[in-house]
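The task is simple: from the sequences and hints, build the whole structure.
4 protein chains.
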Amino acid sequence: MYITETNIRIHYALTDQMGFVYYGNYAQFYEIGRTEAIRKLGYTYKDIEAMGIIMPVVETQCSFIRPAKYDDLITVKTFLQTLPKEHSITFNTEIFNEANKLLNKGTTTLFFLEAHTMKKINMPKALEEKLIRFFERALN
Amino acid sequence: MYITETNIRIHYALTDQMGFVYYGNYAQFYEIGRTEAIRKLGYTYKDIEAMGIIMPVVETQCSFIRPAKYDDLITVKTFLQTLPKEHSITFNTEIFNEANKLLNKGTTTLFFLEAHTMKKINMPKALEEKLIRFFERALN
Amino acid sequence: MYITETNIRIHYALTDQMGFVYYGNYAQFYEIGRTEAIRKLGYTYKDIEAMGIIMPVVETQCSFIRPAKYDDLITVKTFLQTLPKEHSITFNTEIFNEANKLLNKGTTTLFFLEAHTMKKINMPKALEEKLIRFFERALN
Amino acid sequence: MYITETNIRIHYALTDQMGFVYYGNYAQFYEIGRTEAIRKLGYTYKDIEAMGIIMPVVETQCSFIRPAKYDDLITVKTFLQTLPKEHSITFNTEIFNEANKLLNKGTTTLFFLEAHTMKKINMPKALEEKLIRFFERALN
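Here the protein sequences line up with chains A, B, C and D, keeping their order.
The first sequence: position 69 = 652 (our numbering), numbered continuously.
The second sequence: position 4 = 587 (our numbering), numbered continuously.
The third sequence: position 39 = 622 (our numbering), numbered continuously.
The fourth sequence: position 133 = 716 (our numbering), numbered continuously.
Simulated from the structure, these hints should not be mistaken for lab results.
Just so you know, not all the hints are guaranteed correct.
As the list makes no split between identical chains, a pair holds if one copy fits it or if it spans any two.
What the hints assert, rightly or not - Pairs of lysine to aspartate or glutamate, DMTMM-like flavour, derived with a Cα cap of 20 Å:
(1) K652 <-> D630
(2) K652 <-> E619
(3) K652 <-> E697
(4) K652 <-> E642
(5) K660 <-> E642
(6) K688 <-> E642
(7) K684 <-> D654
None of the values given here were measured: they were computed from a predicted structure.
The following block contains the structure:
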């Protein structure tokens, strides 16, 4: 398993008149978590796009347990529980507040596509090589 | 079953550099679909809040089938498949483009909460009375 | 002068915890107003991009007079006061609520750029031909 | 003069299909800059709201010089050039990329309002006391 954490401060634009973070904005937190997970491998999603690969989201699921609020410093935990196979990659996300209470959790599945044909392709070898050491024990 | 439709024109702010609508923005389309579904009952979500009730989203699931693009005029179909029981209401949403191709589908579950206590409460009677005629056959 | 109007319903995502529309979201209303102004000429901004031209915003100014609120049906009035010269076009925008109270007004200046070189170019002739009849009296 | 800096990483949600940050999103960067400027005084905007004061934006002006792009780590410089008088406060903002090129600059004016009456009030004394030392030379 590969786990990373990143922090996000909730600014005013993300709130709604209920006084909470608007439910549609959690997708951005999930995205930031995934991006930082890739960056911590010594790689960036920008590099992936520069290789002519895009990664559209094909499926999301999201449970809202407690509301995030203005000025909260949330912790986004991003988990890759299995080494991606073929063209599909699934991230799990959990979001905590400063009191370490679970606010939100969900999963996101993305595909690797060749940008100019929009055809499914396998995960780039360069990314797989960065990831494989986190899953070696599971392979034995 | 209660079904309504509403149209949304995709403006530039909703796109991302992939050239598609950013995945997190579909939550807004689902919201607009739900709001217009309630309005077509002769009622508004604003009325519900004025009664001291809020309806936070507690669960969403969303499948991205084809991308929506800039300037698309999408049709958001919002379905209430069962009459809500107690404090929970679940909407199904399907989004189509002008060629009537399915772009996206998902479900959203919201709770009815008393705003000042944040306690779960039953759906307001006034809303139930508007909805019940769409489900009477199913009850017989 | 060329004037058009379009209506926008304020959805929840646009509000913030002050109970008003977040100040940064007016830029979207201005954009929608400009887009519909172009569409009413029998032309779309999408057509302009298909010609290899992009129109980035280079300058905005915005005065917030009264707050827009959730579920308001606002009217966006978009004015082109002078026929654009060379590579620059300036729109004036005024936003009204249902009681016809002025909520917001501002100006936005965009450039016409050739997308693949990012060089300034003149307004496309096809667009100028659509616009010129609104300014002919001023030219005499 | 009071000057602070904060950094923001551009995530995908902020981009548009031009491949740049959508022009409406700079208002969020300005907001984050202002919030962090207040926090560095040992105070938060959340504290101000807890005192029953809100600070709506009444005027903005923004010049777009170079586009911010996906994954850029931008620096937001926030300047308070004069000690606020009465109910009004004006921030200047400049945004730089990692190569220290100026991307964007602008000003934002906000009012101090009593939240429950929406009446203009003077800047809270507690905030003024934090700020005054940055302007003392100017007062002599």
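Structure-based check of each hint:
no.: 1; hint: K652 <-> D630; result: between (33 Å within a copy, 14 Å between copies)
no.: 2; hint: K652 <-> E619; result: between (22 Å within a copy, 17 Å between copies)
no.: 3; hint: K652 <-> E697; result: between (38 Å within a copy, 18 Å between copies)
no.: 4; hint: K652 <-> E642; result: between (26 Å within a copy, 18 Å between copies)
no.: 5; hint: K660 <-> E642; result: both (19 Å within a copy, 19 Å between copies)
no.: 6; hint: K688 <-> E642; result: both (14 Å within a copy, 10 Å between copies)
no.: 7; hint: K684 <-> D654; result: within (16 Å within a copy, 29 Å between copies)
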